[in-house]
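Since the structure of chain A is already known, use the hints to place chain B on it.
Protein chains in written order, with my numbering: chain A, 1 to 255; chain B, 256 to 574.
If you are wondering where the hints come from, they were derived from the structure by calculation, not from laboratory data. The beta-carbon is built from N, C-alpha and C at its ideal position, and this holds for glycine as well. Where hints are given, some of them may not hold.
Stretch-level coverage of chain A by chain B, calculated; a stretch enters the list once three of its residues show a Cβ under 8 Å from a Cβ in chain B [unchecked claim]:
#1 108-121
#2 170-178
#3 206-216
Label pairs and their computed distance ranges (CB to CB) [what the hints assert, rightly or not]:
#4 A:109 to B:454: 48 to 54 Å
#5 A:234 to B:443: 33 to 39 Å
#6 B:265 to A:140: 41 to 47 Å
#7 A:109 to B:501: 35 to 41 Å
#8 A:63 to B:479: 54 to 60 Å
#9 A:65 to B:454: 53 to 59 Å
A few chain B positions that, by computed beta-carbon distances, are all more than 12 Å from chain A [to be verified]:
#10 280
#11 291
#12 307
#13 316
#14 371
#15 387
#16 423
#17 478
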Amino acid sequence: MRAAGLPVARPASAGRHLCWAYADRADFLATARRFFTEGRAAGAALRLVGDDLPDIDGVRPEPLGSSFPPGADPAAQVEIWASATVAALADGYTGLWVVGDATPLVSPAFVAYEHLIDRFTAQHPLSGLCAYDRRVVDPALLADLACVHAGHNVPGVPFRLHAAAGTGHLALSGELDATGAATLVRALEWAAPAVVDGELVVEAGSLDFVDHRSLLQLASYARGRGATAVLRTPLPAAARLVELLRVPGIRVEAR
Amino acid sequence: MTRSGAPGDHVGYFHEAVCYDTDDELLAVLLPFLTGGVDEKEPTVVSLGPEKADLVRRALPAGVLPGVTFMTGGSVYARPAAAIRAYRELMAGYVAEGAAQIRIVGEIPRPSFGATWHWWARYESAINHAYDEFPLWSLCAYDSRITPSAVLADVARTHPRSLHADGSHRPSDTYASPESFLAAWPPVAPDVLQSGPPLITLVDPTASRARGAVSLVDPGLPTDEVDELVIAVSEVVTNALRHGLPPVRVCYWSGPDRIVVSVTDGGTGPTDPFAGLFPSRDSVTGGLGLWITHQSCNYVAFSRDDSGFTLRLTAGNPL
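So here's chain A without its partners, still in its complex pose (with noise of 0.2 Å):
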C-alpha cells in the first residue's frame, strides 16, 4: 500500500509538487536543503521564496511579496511561474526548481492556486516544495492545502488529488474514506476540474481504496455541474460499489 507522502509517478519532463507541513523551522531547511541537492543535481535552476529564510546552500531567499504579489489571482499567479521556467530554459537549466515557505498567504483561495500550479507542474519542468507552518495554519486548511499536491506529510489526509501527469486530468491517488471525506469536498470545489462533453474524468489508477461515501461524494459533485464522474481505476471494489449504490452522476472504467 502506497503511502500518503510518497509522490506519485511523473514523467522526466514533468515537475513535483509537495506539500511540507513543519513545526520545527530547522526540520524544514533541512529537507530544503535535500530538495535543492536533487535539484541541483537534475541540472536545474533553483529559487527560495520566503521571508526571514536564511540562505540555503548558496541560494539567497527572495521576499515572498516579489513573486507573490498581492492581489494576483490564482491563473496570473501560475503565469509568474510559468515565466519564470521558461526562462530557466532559456538559460540552459533543465527546469525550475523551487522552495517555498507559503505559510503568509495561507487562505482558501489559496488552495485554488495551488491546484493550478500542480497541474502545470503536471505537465511542465516546474518543482515545488511548498512548506507551511503547521503551528500556525488551520488544520483543515492544512489539509486542503496538503491533499491537493501529488505527495505531502501531513497525516490524517489520506488521498492526493492532483493533476495528472501529461494530460492534467483530475487524479485521486491514495486512500478515500471516511477520514478525509470534508477535505474531498472542498478539495473538488477548490478544483473545479474541467467538465468535457457532460464527462469529469477522474484517474484514479493510484487509488489503493475507495468507499461508498468517497463514491457518494464523487457523484455528488459532478451532478451539481451537470457531468458524470468517471473514474478510471483498477480497483474492483468501486465498480462493484458503484454498480451496488445505482447513483446517478458517476460511472467506473476498469483500468
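Showing chain B alone in chain A's frame:
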C-alpha cells in the same frame, strides 16, 4: 382490485410457508399455484435448486411450462440483502409492466440451515415488510425431512400463514411481526475459530489500519472475497468509530477456508430492526454502510452483551 387465488382482497405481500414431507406433497401444492398464475397471465417465477426445479419442470403441463420463469435458486439465495435487492427489482419491473399479481415459489438452499440460518431467519421476517409494496403471493418451501426443528420454528414465526397439500391456508399461531422478531436478537453461536485467540487485535484503529490487517490473516482466499471483506471491515469500523462508543476492538481469525473479523464497540448497535437488510440513505445511522456490509460478506452476525455490540463478518466458507 381482487387478486386471483387465495390472496383475494389482500393488499400487498401474501407470504406463505410450505413445509412438505415428500416430493409429491410439494408438487401437490406447487402445480396448482404455478398453473393458476400462468392461466391468469401473472408473472410466475420459480427459484428452486436444480433438483427441485427439474422435478417441477417435469411435472408441469406442457402448456404451462413456457409461462413459468425459472431462476437459479442458489445464486438468488447467496446473501439475504442481495436476494431482497434482486427480488425487489424483479417485482418493480413486473409491476411497471402492469402485473396485478406476481407469484413466486422459492426455497432457501439447505446449507443455509446451518451456521448462517440466523441471517436467513432475519430475511424471512424482513421481507414481510420489504415486499409488502408489491402484489406478491409467494410460497417459501421447506423440506421437513432435512430442515432442523429450530429452523421450522423460525419459519412459523416469520410466515403469517402456510399452504398445505390439501389446499388449506392456515394462519401461523406463532407469527411475529418483523419489528418484533427482528428486535429480539437471539445469541449467535461463535465461529469455532473464535475458540482460539485472535491472530490480530486492534483497539481504536483507523479504518485504513483495520482494512490493512485483513491481508495479513488471509489464508489465500479468492481475491474478490478478500476485497469484499476489506470493504465490509472498512464500513463496520467506520460506523463503530462514528456511531458506537469507545473502545472499538477489532479481532481477526482465519482458518484454511475463511477469515472471521469481529468489531466490538461499547454502544448498543443499530436501533433499526431492518439494519443491513435494506439500503438506508441515512448517513446519521450508518445504515448504507451496514447494507453494503451485508452485500459483501458470506455471513454477518450481530450480538449484544454487557460489553457492547459486536458485528462478526465472515469471508470464505462460514459453515
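Structure-inconsistent hints, enumerated in ascending order: Hints 1, 6 and 17 contradicted; others consistent.
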